[in-house]
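Colleague: The chain contents come next:
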Amino acid sequence: MAKREYSYYPGCSSQKGASSSNMMKSVATMCEELDVQLNEIPDWNCCSASIGYGSGGELPRLVMSARNIALSEEHNPDQDIVATCAACWLSTREAAERFEDDENMFKEANEALAEAGMKLTNKTPIRHMAEVLIEDIGYEEIGKGVKKPLEGVKIAGYVGCQTNRPFGIDGESYENPMYLDGLVDALGGDSIPTYEKKVQCCGGALAFSEPEKSQEMIKGIIEAAYDNDADMIATPCPLCQANVEIYQDQINAKYGTKFDMPVVYYSQLISVAYGRNANDAALNGQIIKARKLEEIAAK
Amino acid sequence: MSTNTAMVEKYRNNFLKEVEANVEEGEWVKMCMQCGVCAGSCPLGNAWEHPPQEIFMMIRAGKREDVLTSDSMWMCTSCYNCIVRCPRELPITHIMHGLAHYAKRLGIQPKGNPTQWFSEVFWNNMMKKGRVNELKLGLSMYFKDGFVSGIKESLKNAKLGMNMQKTKRMAPMEFFGGHGVKNPGDLQKIIKKAQELEAARIEEHGK
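Going down the list, the sequences are from chains H and S. If you read the first sequence in the numbering used here, its first letter stands for residue 1, the second for the next number, and so on. If you read the second sequence in the numbering used here, its first letter stands for residue 1, the second for the next number, and so on.
If you are wondering where the hints come from, they were derived from the structure by calculation, not from laboratory data. Think of the CB as a built atom: it goes at the ideal place given N, C-alpha and C, for glycine as much as any other residue. Any given hint might turn out to be false.
Unchecked claim - Reference excerpt, derived from the structure (chain S facing chain H, CB under 10 angstroms, subset only):
| no. | residue |
| --- | --- |
| 1 | V37 |
| 2 | A39 |
| 3 | T69 |
| 4 | D186 |
| 5 | L187 |
As the list claims (entries may be wrong) - Just so you have them, the derived chain S footprint on chain H, three or more residues with Cβ under 8 angstroms:
| no. | segment |
| --- | --- |
| 6 | 20–28 |
| 7 | 205–213 |
Said to hold, decoys possible - Below, simulated DSSO-like cross-link-like pairs (lysine-lysine); rule was C-alpha separation at most 27 angstroms, straight line:
| no. | chain 1 | residue 1 | chain 2 | residue 2 |
| --- | --- | --- | --- | --- |
| 8 | H | K107 | S | K17 |
| 9 | S | K192 | S | K168 |
| 10 | S | K168 | H | K258 |
Starting from the given sequences, assemble the full structure and let the hints guide the process.
Modeller: This is the structure in structure tokens:
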């Protein structure tokens, strides 16, 4: 029996062959190591992300999340919902809070769900995996399981936007959250608490629709990592990871920079520090190879 | 009569009342104290013709068309900086989303703006199978200005696509089928009902 059990909402990017399949895999490895059992919400749907509002409006958008919460309540009763994707977490929690505050909206959501014979009670806490790590498990316990400390690896903790705002992690500041740095330290790595771009926006969905404006911001995020002598950037957010990693070629071509900065997930750091191999840590999912992690994993 | 015309007649010069009634979190607009922290906090602030506090003032001044046809709200990256910094705790991000959606509902959104276009493509992509098909979403973005420029865009991004494939973060087979919920029809029924309920509420206000 696993020590901790949660109802798991992976999200569209955390599926086989999707853009953060490397997060999905390393989260599975990390949870094995931390004795956490993730029970996937059966038949979950997209949360409509941070761009669904345009066509979706308010109620239809929120009802997308209502269906997921209702499925979780039905199949994984009494388990907190845990999301690994920032947008999934934000949308689901936002929906739950809106239904809590607005009785009419809650009533209408149930009216819509009834079309498919479903019902929402809306009593489930909606949490982020980072909360599980920091609040339920804690730095100390995480530190105890480290087999291969990430010694000498300098890591810029890039929290991004939606893991941090508007909800964030309890007790952490919106402007200067320290939990990724705390996590890096617990794993024996070198954190950079003064990484000034730790909560800078990467453009989010606008990286697709406004690539030039977004890549200008991404450039700043990477530049600051170099300025701080970072070996890599680590983030909890799948869209941050993708945006900051995959456009480095295009940014180099446009700005004449020579960026080659790996961008990894916290779950990959934990997997490697816990002694798992490169494959289990999904390091083959990096377009820009995280060589220092590969070296530790191969030791 | 279009909903747009109905709203103009109903609310006359009181655009604030219209926003309060029809826009997500619109009842907060009157609380803005014009400090400008939102404008200074916005990562794309330099791209907004009218930053949020200006939009709020324009709403109160009855500048209906200037607000709803503006591409400003469509510059929102959903970073939530403005929400956590607003001294009066206005849910600014949601109001911007709400205004953008309301303009689109009325059919007067800035048609050339790529984000309003992308938001529609995203929603339709998601509604087909209940989950987003990243491959098709990417392709539709490249092909948004037609076939020829689509090929050009695709070539420009070919290396990126290869990189994603090599690292197994993009699956070409997603083009045929791909991930989805078991019964998309049921999900579509649920969402259709939600759309009807929301539309009915707004139409009622136009009467």
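Colleague: Checked against the structure, which of the hints given earlier come out wrong?
Modeller: 1, 2, 3 and 9
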